[in-house]
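> Since the structure of chain A is provided, determine the placement of chain B with the ligands on it from the hints.
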Amino acid sequence: MATVTNPSTVSAGSLTAKALREATFTAVMTFFMFVLFIGLKTDQNMRNELILVPRWGLLATFVAIAFFGRFAMVAWLQPWRAASKAAKDAAPADTSDAGFVKRNFSKLAILALVLYPPIILWLFGAQGSLKYIDNFGIQILIYVMLAWGLNIVVGLAGLLDLGYVAFYAVGAYSYALLSINFGFSFWILLPLAGILSAFWGIILGFPVLRLKGDYLAIVTLAFGEIIRLVLINWQDVTQGTFGISGIPKITLFGIPFDASPHGFAKIFHLPMSSAYYKVFLFYLILLLCLLTAFVTIRLRRLPIGRAWEALREDEIACRSLGINTVTTKLTAFAIGAMFGGFAGSFFAARQGFVSPESFVFLESAVILSIVVLGGMGSLTGIAIAAIAMVGGTELLREMDFLKAVFGPDFTPELYRMLIFGLAMIIMMLVRPRGFVGSREPTAFLFERKSVSGSFTKEGHG
Amino acid sequence: MSAVANTMTNDAILKVEHLSMRFGGLMAINDLSFEVRRGEITALIGPNGAGKTTVFNCITGFYKPTMGMISMQQKSGKSYYLERMADFEVTRDAKVARTFQNIRLFSGLTLLENLLVAQHNALMKASGYTVLGLLGFKSYKDASKEAVEKARYWLEKASLIDRADDPAGDLPYGAQRRLEIARAMCTGPELLCLDEPAAGLNPRESQELNKLLRSIRADNGTSLLLIEHDMSVVMEISDHVVVLEYGQKISDGDPAHVKNDPRVIAAYLGVDDDEVETVRHEVEEGAH
Ligand SMILES: Nc1ncnc2c1ncn2[C@@H]1O[C@H](COP(=O)(O)OP(=O)(O)O)[C@@H](O)[C@H]1O
Ligand SMILES: [Mg+2]
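First to last, the sequence lines map onto chains A and B.
Residue numbering for the first sequence is 1 to 461, as defined by my numbering.
Residue numbering for the second sequence is 1 to 288, as defined by my numbering.
One or more hints might be untrue.
Unchecked claim - Derived DEER-like restraints, expressed as beta-carbon distance ranges:
1) B:Lys64 to A:Ala112: 56 to 62 angstroms
2) B:Gly24 to A:Asp214: 39 to 45 angstroms
3) A:Arg210 to B:Gly221: 35 to 41 angstroms
4) B:Gly39 to A:Ile316: 36 to 42 angstroms
5) B:Lys145 to A:Leu290: 36 to 42 angstroms
6) A:Ala112 to B:Arg214: 41 to 47 angstroms
7) A:Arg210 to B:Leu132: 27 to 33 angstroms
8) B:Lys64 to A:Val360: 41 to 47 angstroms
9) B:Asp230 to A:Arg81: 46 to 52 angstroms
10) A:Val114 to B:Leu132: 46 to 52 angstroms
11) A:Asp214 to B:Phe23: 22 to 28 angstroms
To be clear, the hints were calculated from the coordinates, so they are not data collected in a lab.
The beta carbon of each residue, even a glycine, is placed where N, CA and C say it ideally should be.
Chain B on its own, in the form it takes in the complex:
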């Protein structure tokens, strides 16, 4: 725990402190603390059922945590306690956007429309909460053009521009993942949370995804928190890794550190707790 305290620096964009989530008799998350630093790609990894998606749902307001605090520090200096906010407020006000483990697109809307829906709040204001827009005011037309341009930018970036006018449900799986990310980015987030973005992708799609994620960080200054299963992806793109097992943090650090952490290895190999020491031994011997 002392290591955690040391890494709690001021440039954290998201701080999760003593987070617990209980479902009936199941402690899905148990006293979890970690932080996401601004401008970094942080990965949250762990075996199936470790509670990763639950952490996301707590951060984005879909679940109310049983205990704990989640604070979001914006560039402007404003800070928000996410556990107190409704799900849509987390995105609208705190500027934390997310994607879902099982893709949730508006499959009957075109790609462009998907990205326009994501700009709802900005457009709503521009349309005078519908009144001015209904009367055909120019301010809405201008804002609407801008929104289309923003959508075009993200479609190009996600290499989806050719399919702009097709229904989202018609896209292949990998493209749907990229569209969901582009859509989340259209809300203008400072922190983007991705739930298993690489799941089910073939190697080429996986490469395209990595490229997109890197450019989101580089060009748009958005910090990323991603859940990932595939260790190779995690090691390739993340700056900082948090490992979860049975709702508890078992490791936290840069990818190299985590990779060699015997508890992580044990968790991934499915070793019992009392065998961890043996594994640690073996790993240490292997390192020498």
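Next comes chain A alone, as it looks inside the complex:
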């Protein structure tokens, strides 16, 4: 891309030639990169012998995509971007107040989320709505909550935590074990799971406080794995890899969602349907998300939140101002972990089943990617990233037409991580600071101006 000269100075003809040239080059590169990787597949035949299965069609598809992708990029996308950038530079900065939607974005978003279940129910009926409310709605909101929780540690305090899923696991198992063994209700166990996770956050925080950057990341990663291995191996309590099933459902202040005479449907004289429980869960996780957002926004305006951001910017300066960085980091770990614990107990209640499978490193990586993609520190950006990432992977399951393109063996979900990675790379190239790269100041004297991402730091530990 660096070799491309300013496209406006290049005539249309030579642009096409140039695009063709680059596209051919890219196609050749793609061919060599993928010829062994995609073009040939190892398989076993009837006699258990290893054989090579050629997949020239699929390889051709890849090469064609690379060719046309590069061609479109050079011939159309780059001139268009250059032109729009020039137009933007030429036009005087639009300082007039932003549109109604932009100003009230969060209010509108909350309104849309509140109206989402009834609209879906109305559109698709009780049975058809399950997919949209559960797979898209609840699933995405769980990740929004997790990412907002991790945002406190990574986005605000600048402490790179690769083991966040451990706190999610602590929350989930706390609810699972305590509700099954002691029969406590969700409403008691939700705060308790949060407190237990926060406690583990502090336990993790203590030894890693002195570590920075890479070292911190590795130790938190190890911590996440330790928790998972304990869950696998402490079989008397956690039943190991079998997981714990039959976790009680959440009740609406004592009203269960079942077919019993005291069930929700009977009491309100509604036809039996599992959709009510899903809608209830949707609103519950929405409330939990809003709680997370509310607390985060409040905390940012409190001295502790400012100290977190200051810590991200410069730890030594913090200490020179009399800030106890040890307790400041510990509170960041604890509060971030607490929200992970809330989300975990909700997850356990929603699934009715937990196993160590759900708390692998990949989950931590996904949550962290959402925080980074969204723009570290920005709640709106993170929510958008969660919708794009989690919603996108859910959408992949729906994309049966891809089978027509890539052949009948193609299972789009399996390419989830590939697409995830591609999306990350593209995002980081186009918007290195994430969807929302700017930072909203927590206080202002004369006017609220957002701080450009080029001034904020990511933190060193």
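Here is chain B with the ligands on its own, set in the frame of chain A:
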């Protein structure tokens, strides 16, 4: 050394006694004693690598000295041994604030936010260690307003009020220096330690800085200890100068005295020790 004993008066705010700091085989500071008097501007000068920043780091708790004592005497009569305290306690409890030779601002925070972070401990208490603040108690709102007013006062004083809502990283160099000083002052220190505040400033910025430093002493009753390279700045604003070379004190007194001290001249001209006598001779002859 006898001269040092004579100047050890009771109104010393900071006493450094027999301070030594060793890094491996290097004695960065060797048996250094001096004092900073209340309400004065004391300058610590010396050639590059003399150990000035190391002295600061020892005073402010960033380094643990190998030997020696550093005592801070507050107005209230309370005294603290700084070498025994953690860095953040030195600022929080002993009320000694500092700036850094390479400016350390929170560049992604606005000027106002930088100054609010500096008031962390006061605000933390007012917010009931976050609990009351989270619940939206009025006591925190009031304290927060007061903190903003204090920040406004310092922004005005440092002539930075116009940029209050801009990110600190966006300021020109001289303004960043002033902001770092204003931020240190927001911690409410009795002693302010500045590490080369005039380094890299143009003459106009340098004048603004001098004005700010004088007014800090006059209006706020804060004593200052500053490291400086530029002799003209030192001579203009300081009441008392301590000269360091290779971690040892080579001169101590008022600016006029230090300026004419042949050892200081030798150190600054880079003369070998055995030539000091010759230099002293020349200086004395020049004075006659
Ligand atoms: N953390 C450290 N580790 C090892 N040597 C150090 C350290 N800090 C300072 N020094 C050494 O101590 C000497 C004095 O440095 P410094 O106090 O920065 O000098 P100045 O501020 O007077 O220019 C130098 O030789 C420097 O290399
Ligand atoms: Mg120095």
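> Could you say whether the range 36 to 42 angstroms given as a hint is met by the Cβ separation of glycine 39 (chain B) and isoleucine 316 (chain A)?
violated (29 angstroms)
> Can the suggested window of 56 to 62 angstroms be confirmed for the beta-carbon pair lysine 64 (chain B) and alanine 112 (chain A)?
holds (57 angstroms)
> Starting from the hint 22 to 28 angstroms, judge whether the C-beta atoms of aspartate 214 (chain A) and phenylalanine 23 (chain B) obey it.
holds (25 angstroms)
> Just tell me: holds or violated, for the beta carbon distance of lysine 145 (chain B) and leucine 290 (chain A) against 36 to 42 angstroms?
At 27 angstroms between Cβs, range violated.
> State, for the Cβ atoms of arginine 210 (chain A) and leucine 132 (chain B), whether the hinted interval 27 to 33 angstroms holds or is violated.
Holds, at about 31 angstroms.
> Lying within 41 to 47 angstroms: is that true of the beta-carbon distance lysine 64 (chain B) to valine 360 (chain A)?
At roughly 43 angstroms between Cβ atoms, valine 360 (chain A) and lysine 64 (chain B) fall inside 41 to 47 angstroms, so the hint holds.
> Is it true that the C-beta distance of aspartate 230 (chain B) to arginine 81 (chain A) lies inside 46 to 52 angstroms, as the hint says?
holds (49 angstroms)
> Taking the CB of glycine 24 (chain B) and the CB of aspartate 214 (chain A), does the distance hold inside 39 to 45 angstroms?
Between glycine 24 (chain B) and aspartate 214 (chain A), where Cβ atoms are some 26 angstroms apart, the hint is violated.
> If I claimed the Cβ atoms of arginine 210 (chain A) and glycine 221 (chain B) lie 35 to 41 angstroms apart, would that claim hold in this structure?
holds (38 angstroms)
> Between alanine 112 (chain A) and arginine 214 (chain B), is the Cβ distance one that fits in 41 to 47 angstroms?
Given about 58 angstroms between the Cβ atoms, the range is violated.
> Is 46 to 52 angstroms right for how far apart the beta carbons of valine 114 (chain A) and leucine 132 (chain B) are?
violated (30 angstroms)
Against the hints set out earlier in the document, violations occur for numbers 2, 4, 5, 6, 10.
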